[in-house]
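Read top to bottom, the protein sequences are chains A and B.
For the record, in the first sequence the residue sitting at position 274 is 273 according to numbering that gives the first Met the number 0, with numbers rising by one throughout.
For the record, in the second sequence the residue sitting at position 200 is 199 according to numbering that gives the first Met the number 0, with numbers rising by one throughout.
Some hints could be false.
Across the chosen pairs, the derived CB separations fall in these ranges [said to hold, decoys possible]:
#	chain 1	residue 1	chain 2	residue 2	range
1	B	Cys229	A	Glu723	11 to 21 angstroms
2	B	Ala321	A	Glu723	26 to 36 angstroms
3	A	Pro701	B	Ala321	19 to 29 angstroms
Calculated directly from the structure, the hints in this document are not laboratory data.
Ideal Cβ placement from N, Cα and C applies to all residues, glycine included.
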Amino acid sequence: MRALLPLATLVCLVSAMPLLAPLVTGSSWWVPALVLMVTATGASALYRLTGRNPAPVPLLQVLAVVLLLTPLFAAHTAPMGVFPTEASLDRLVQVFERGVADINESTVPVTANTGLTFIVALVFAVFLIVADFLAATARCAGMVGGLLLILMAVPLVVDPDGLALWQGLWCAAGYVALLAVESWVRRREWGAPVPSPSPGSRVLAGVRRAGTAASAGAVAVLMAVTLPLAVPSLRTDALYDLADGNHPGFGENVVHTTHPLVSMRRELGSDSAGTVLTYQTDAEDPDYLRTYVLDRFDGENWTMDPVDASDENVAGENLPLPTGWSTEVPGGTTTTQVSLSSSTPRQEFLPLPYWARSVDVSGQWHVDEDSHTVFTTGTPPTGLSFTVESSRRTPGSEDLENAGSPTSLSAEHLGLPQDLDPSVQELTDSLTEDADSAYERAVAIQNHFADFSYDLRPPEVPAGSNPVTHFLFEDRIGYCEQFAGAMALMARQADIPARVAVGYTQGERANGDRWVVTSGDAHAWPELYFEGSGWVRFEPTPSSGGGQGSASVPEHAAPSDGEDRDGSSDSPSPSPSESPSSPEEPEVPEEPQEPGGESTPPEGDEDLGSEAGGGATGAPGSPAALPWSAYAGGALAVLLLAALPALVRAWVRSVRHSALAGAPGPAAHAAWREVRDTCVDLALPWELSESPRATAARMELPVEARRALWRLALAEEAARYAPEPTTDGRPRQDLRTVRAALAASTSRSARLRAVVLPLSLAPWKRPRPAPLPAT
Amino acid sequence: MSLGTQNDGQGGGVRGQVGEVVAVAERIRGAIGTVIEGKPDVLRLTLTVLLAEGHLLIEDVPGVGKTMLAKALGRAVDCSVQRVQFTPDLLPSDITGVSVYHQDRHEFEFNPGPVFANIVLGDEINRASPKTQSALLECMEERQVSADGQTRPLERPFMVVATQNPGDMEGTYALPEAQRDRFMARVSVGYPAPQDELDMIDSHSAGSPLEALTPVADAAQLRDIADRVCEVHVAPGMRRYVVDLVNATRTAPELDLGASPRATLHLVRAARAHAALDGRHYVVPDDVQALAVPVLAHRLLPGPEARMERLTPEQIVSRIVARLPVPGPQ
Numbered sequence: 000m001r002a003l004l005p006l007a008t009l010v011c012l013v014s015a016m017p018l019l020a021p022l023v024t025g026s027s028w029w030v031p032a033l034v035l036m037v038t039a040t041g042a043s044a045l046y047r048l049t050g051r052n053p054a055p056v057p058l059l060q061v062l063a064v065v066l067l068l069t070p071l072f073a074a075h076t077a078p079m080g081v082f083p084t085e086a087s088l089d090r091l092v093q094v095f096e097r098g099v100a101d102i103n104e105s106t107v108p109v110t111a112n113t114g115l116t117f118i119v120a121l122v123f124a125v126f127l128i129v130a131d132f133l134a135a136t137a138r139c140a141g142m143v144g145g146l147l148l149i150l151m152a153v154p155l156v157v158d159p160d161g162l163a164l165w166q167g168l169w170c171a172a173g174y175v176a177l178l179a180v181e182s183w184v185r186r187r188e189w190g191a192p193v194p195s196p197s198p199g200s201r202v203l204a205g206v207r208r209a210g211t212a213a214s215a216g217a218v219a220v221l222m223a224v225t226l227p228l229a230v231p232s233l234r235t236d237a238l239y240d241l242a243d244g245n246h247p248g249f250g251e252n253v254v255h256t257t258h259p260l261v262s263m264r265r266e267l268g269s270d271s272a273g274t275v276l277t278y279q280t281d282a283e284d285p286d287y288l289r290t291y292v293l294d295r296f297d298g299e300n301w302t303m304d305p306v307d308a309s310d311e312n313v314a315g316e317n318l319p320l321p322t323g324w325s326t327e328v329p330g331g332t333t334t335t336q337v338s339l340s341s342s343t344p345r346q347e348f349l350p351l352p353y354w355a356r357s358v359d360v361s362g363q364w365h366v367d368e369d370s371h372t373v374f375t376t377g378t379p380p381t382g383l384s385f386t387v388e389s390s391r392r393t394p395g396s397e398d399l400e401n402a403g404s405p406t407s408l409s410a411e412h413l414g415l416p417q418d419l420d421p422s423v424q425e426l427t428d429s430l431t432e433d434a435d436s437a438y439e440r441a442v443a444i445q446n447h448f449a450d451f452s453y454d455l456r457p458p459e460v461p462a463g464s465n466p467v468t469h470f471l472f473e474d475r476i477g478y479c480e481q482f483a484g485a486m487a488l489m490a491r492q493a494d495i496p497a498r499v500a501v502g503y504t505q506g507e508r509a510n511g512d513r514w515v516v517t518s519g520d521a522h523a524w525p526e527l528y529f530e531g532s533g534w535v536r537f538e539p540t541p542s543s544g545g546g547q548g549s550a551s552v553p554e555h556a557a558p559s560d561g562e563d564r565d566g567s568s569d570s571p572s573p574s575p576s577e578s579p580s581s582p583e584e585p586e587v588p589e590e591p592q593e594p595g596g597e598s599t600p601p602e603g604d605e606d607l608g609s610e611a612g613g614g615a616t617g618a619p620g621s622p623a624a625l626p627w628s629a630y631a632g633g634a635l636a637v638l639l640l641a642a643l644p645a646l647v648r649a650w651v652r653s654v655r656h657s658a659l660a661g662a663p664g665p666a667a668h669a670a671w672r673e674v675r676d677t678c679v680d681l682a683l684p685w686e687l688s689e690s691p692r693a694t695a696a697r698m699e700l701p702v703e704a705r706r707a708l709w710r711l712a713l714a715e716e717a718a719r720y721a722p723e724p725t726t727d728g729r730p731r732q733d734l735r736t737v738r739a740a741l742a743a744s745t746s747r748s749a750r751l752r753a754v755v756l757p758l759s760l761a762p763w764k765r766p767r768p769a770p771l772p773a774t
Numbered sequence: 000m001s002l003g004t005q006n007d008g009q010g011g012g013v014r015g016q017v018g019e020v021v022a023v024a025e026r027i028r029g030a031i032g033t034v035i036e037g038k039p040d041v042l043r044l045t046l047t048v049l050l051a052e053g054h055l056l057i058e059d060v061p062g063v064g065k066t067m068l069a070k071a072l073g074r075a076v077d078c079s080v081q082r083v084q085f086t087p088d089l090l091p092s093d094i095t096g097v098s099v100y101h102q103d104r105h106e107f108e109f110n111p112g113p114v115f116a117n118i119v120l121g122d123e124i125n126r127a128s129p130k131t132q133s134a135l136l137e138c139m140e141e142r143q144v145s146a147d148g149q150t151r152p153l154e155r156p157f158m159v160v161a162t163q164n165p166g167d168m169e170g171t172y173a174l175p176e177a178q179r180d181r182f183m184a185r186v187s188v189g190y191p192a193p194q195d196e197l198d199m200i201d202s203h204s205a206g207s208p209l210e211a212l213t214p215v216a217d218a219a220q221l222r223d224i225a226d227r228v229c230e231v232h233v234a235p236g237m238r239r240y241v242v243d244l245v246n247a248t249r250t251a252p253e254l255d256l257g258a259s260p261r262a263t264l265h266l267v268r269a270a271r272a273h274a275a276l277d278g279r280h281y282v283v284p285d286d287v288q289a290l291a292v293p294v295l296a297h298r299l300l301p302g303p304e305a306r307m308e309r310l311t312p313e314q315i316v317s318r319i320v321a322r323l324p325v326p327g328p329q
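Make a model of the complete structure from these sequences and hints.
Following this line, the structure appears as structure tokens:
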């Protein structure tokens with residue numbers, strides 16, 4: 000029996016091992032972990048069998064594990080493969096460091112090499128030693144659940160697929176088995192509780208215990224759901240998301256980077272136009288800096304395609320040619336040294352000029368060939384500096400005019416959802432009906448936005464209407480996000496592959512070749528694809544004073560017919576004063592994004608659906624955007640929750656009242672129970688060892704109520720103890736009289752509490768027998 | 000004076016059959032009440048034991064009316080009453096009777112002892128030798144006398160009312176546990192209240208009120224109402240309650256010796272009588288609670304810890320009663 004708890008602990012932890020299975024590829028990563036755990040368990044079980052004080056067990060286990068590490072992981076450094084030497088220690092440290100580096104650098108699933116296997120084995124061995132101590136020495140097996148939660152959190156945090164149901168159930172089964180063994184051992188040691196007298200009441204006790212367990216579970220779930228709403232440090236918009244129904248399931252997303260549009264909006268909306276980055280370039284007229292590319296449109300929002308973080312596409316010397324470029328551009332390269340400001344939030348994606356041919360940056364970075372963005376799956380340092388060499392292609396209008404149909408591009412860049420408002424298509428058709436080429440269509444679409452207004456705080460989109468159509472047809476006010484999104488959408492409708500790039504404008508020249516990019520320079524723009532020229536930037540957003548300050552229309556996209564557009568000069572016309580004046584841009588929540596995994600697209604857009612809504616919702620993501628109905632609903636819910644005990648109590652009372660009209664026996668019981676619960680509610684004493692008549696004799700009530708109480712008590716007494724219950728009496732009136740008199744005998748506050756928080760509903764407040772002297 | 004416990008005049012289902020019990024008991028009690036002043040609880044318990052056909056042990060210091068109570072009871076009921084004054088030299092045959100050789104008829108003739116009566120007063124029972132005590136106690140339990148190979152049954156009703164001085168008095172042989180167990184209940188009379196004592200002076204100055212006492216019931220009536228008492232309903236929950244109560248005395252750590260199964264039977268019978276005296280045809284927890292101390296306490300042996308804490312068996316039983324939940328709805 001002494002060895003039982005260590006064995007159960009082993010089973011429990013082994014059942015938790017499948018939690019890691021989806022995170023690791025390879026077949027034998029679990030073997031060393033299992034060996035270590037079995038060894039440690041064996042040490043514990045054998046020692047405990049001797050019956051000595053179990054305090055040294057953890058030490059013994061650590062010793063066993065340490066001794067086993069050498070043959071398992073550093074066999075060749077040790078004499079006979081067993082005895083650890085200094086070299087084997089070095090080797091183990093080395094293996095450990097490599098494992099840490101592997102975990103940091105790769106995405107799930109991680110290939111199981113020695114380092115990772117070592118770390119997994121070490122973690123499980125430590126967990127087993129702790130769990131063994133908790134379960135077998137400290138005798139609180141329930142605490143092992145905490146360790147299991149830690150293990151469970153690993154797939155939840157790092158795996159975009161989250162936790163599979165069967166893994167959770169398997170792990171829980173192991174835990175329950177441990178608890179069962181522990182309670183069995185406890186019973187063996189302390190003796191079984193005195194069984195209930197009759198089999199019926201034993202069943203009842205079982206049902207009651209199950210009910211207790213179920214209600215404890217329900218309370219836990221309820222708290223897990225509601226507590227995050229109440230804790231301000233957690234997501235403030237959780238309630239909104241909950242009501243919205245669009246809340247992404249737990250475990251599906253992982254917070255890695257903010258949604259590009261959200262972070263851009265945050266930068267644009269920040270009070271002070273803080274410096275985001277500075278760069279030094281030998282280009283006379285530097286181009287925009289691209290950070291993200293959004294190439295999926297779901298009807299309201301542009302989101303990112305999954306990027307490829309495999310080992311083949313490590314960013315370094317030779318970045319792949321961008322799509323559509325058959326050759327490198329003739330002419331020189333531009334070298335740009337970028338320094339991100341240390342106050343800038345971590346950038347998992349690098350802001351780069353287009354097209355970057357090589358990036359010199361510390362850490363492991365990947366390049367996505369399709370979008371030509373450079374990113375990392377790790378945690379980049381703040382204040383990062385890097386050097387980038389880039390070539391710029393400036394296609395002439397003629398090149399674009401004569402571009403053929405896009406052949407070297409997949410059709411997905413034309414993909415649009417089916418349920419778009421047809422009026423958008425009609426608008427696109429009417430704009431482009433006179434255009435002969437794709438280029439002319441693109442320019443026509445771009446020019447359509449000339450008379451739109453630029454405002455960082457566009458009016459709110461009414462609930463239910465599509466933000467895109469609202470922007471295009473209703474208020475025609477927006478900022479770069481709406482302009483870029485709408486133009487890319489319409490370009491796709493006009494059969495031009497299009498996507499939205501997010502990043503920064505070139506910023507403002509500080510002195511010489513130094514340029515400063517502030518948060519006000521955050522920008523989004525459409526990129527249209529022309530065969531032969533690749534992805535080409537357009538600029539529908541108004542620039543200069545009335546628009547995005549430092550934005551500029553590229554030469555190739557400038558209207559050829561001389562139509563004047565705001566700030567269409569080539570030279571940047573910075574006007575920092577454009578930074579938004581409104582002071583209280585609220586903190587936009589971090590949106591879950593997963594740049595790493597190939598399998599899952601970033602899904603941060605789901606949340607943006609309502610709050611960003613294509614950008615026309617005013618203060619995006621602000622609590623002020625909560626409709627009043629949400630407040631009313633919340634208040635109603637709180638009220639309902641507060642009134643719940645009173646409602647339940649009233650229901651119980653009404654059930655009893657309906658029993659009063661029935662058979663005299665149950666009627667008497669119901670009436671007496673109601674008297675009892677009224678007393679409990681009012682915090683009046685109620686003794687289980689008192690018979691009904693003794694209770695009635697004890698209560699000090701006015702004469703009339705006293706008589707009524709006596710009638711109820713004697714009816715209950717007869718119902719309980721007589722061969723047949725008495726049939727006379729009027730329990731309904733008597734009960735009313737007694738309840739009123741009982742209430743009148745207490746203070747106002749006691750009465751109020753009896754209504755709001757009826758104690759009789761709380762099982763632990765019900766009268767219970769005092770323990771008899773040693774039964 | 001009402002027989003019922005305090006219930007605000009609410010009757011508990013008086014039926015004809017127990018109505019007669021109440022009437023007879025009321026008469027007896029009225030009669031005894033003229034002799035014993037201001038002891039309603041003691042009178043009530045005495046009547047309860049009488050109706051339950053048990054035996055009563057009255058224990059108290061000398062002079063508080065133990066014998067007077069027993070005598071008054073014997074007088075109030077028109078039946079045979081015998082009194083035995085227990086002394087250290089009393090022999091068993093002095094109680095059960097003796098066979099005497101009849102010279103004329105050349106055979107032994109049995110002269111019945113004082114135990115052949117309806118009510119036997121055993122005065123100062125603990126002054127007799129254990130041998131004599133046990134002779135009486137055997138009759139109490141078996142309700143028959145075995146002498147000279149012949150068994151002679153005793154007539155119903157048969158009630159022994161024994162008085163004894165507290166155990167530590169001089170010249171006493173304390174009743175062993177096994178013999179105490181045969182008494183259904185033990186009661187202490189206690190000193191009267193000052194006002195009652197004043198009244199007593201008046202009533203006793205004109206002569207003994209005992210002399211003026213006339214019988215108010217006879218043996219046949221007693222038999223009849225004792226039969227009625229046996230019909231009083233004891234609900235299953237109540238039976239269990241009694242068993243729980245008795246069981247609790249067996250498991251209580253303060254007690255070396257708990258109550259016997261005989262105590263369980265006595266408690267149920269006494270509770271029936273108690274209910275009938277109330278005019279109820281069913282037993283309620285209050286009956287059992289009221290009787291728990293007199294019926295159980297004298298059978299219990301407190302352990303050394305309880306003795307050190309000066310806990311009396313009465314206190315221990317009261318504690319158990321205060322904790323044991325009454326049977327709820329079935």
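To see whether the hints hold, each was checked on the structure:
1. B:Cys229 - A:Glu723: 11 to 21 angstroms: holds, 19 angstroms
2. B:Ala321 - A:Glu723: 26 to 36 angstroms: Holds, at about 30 angstroms.
3. A:Pro701 - B:Ala321: 19 to 29 angstroms: holds, 28 angstroms
Hint compliance for this structure: every hint is met.
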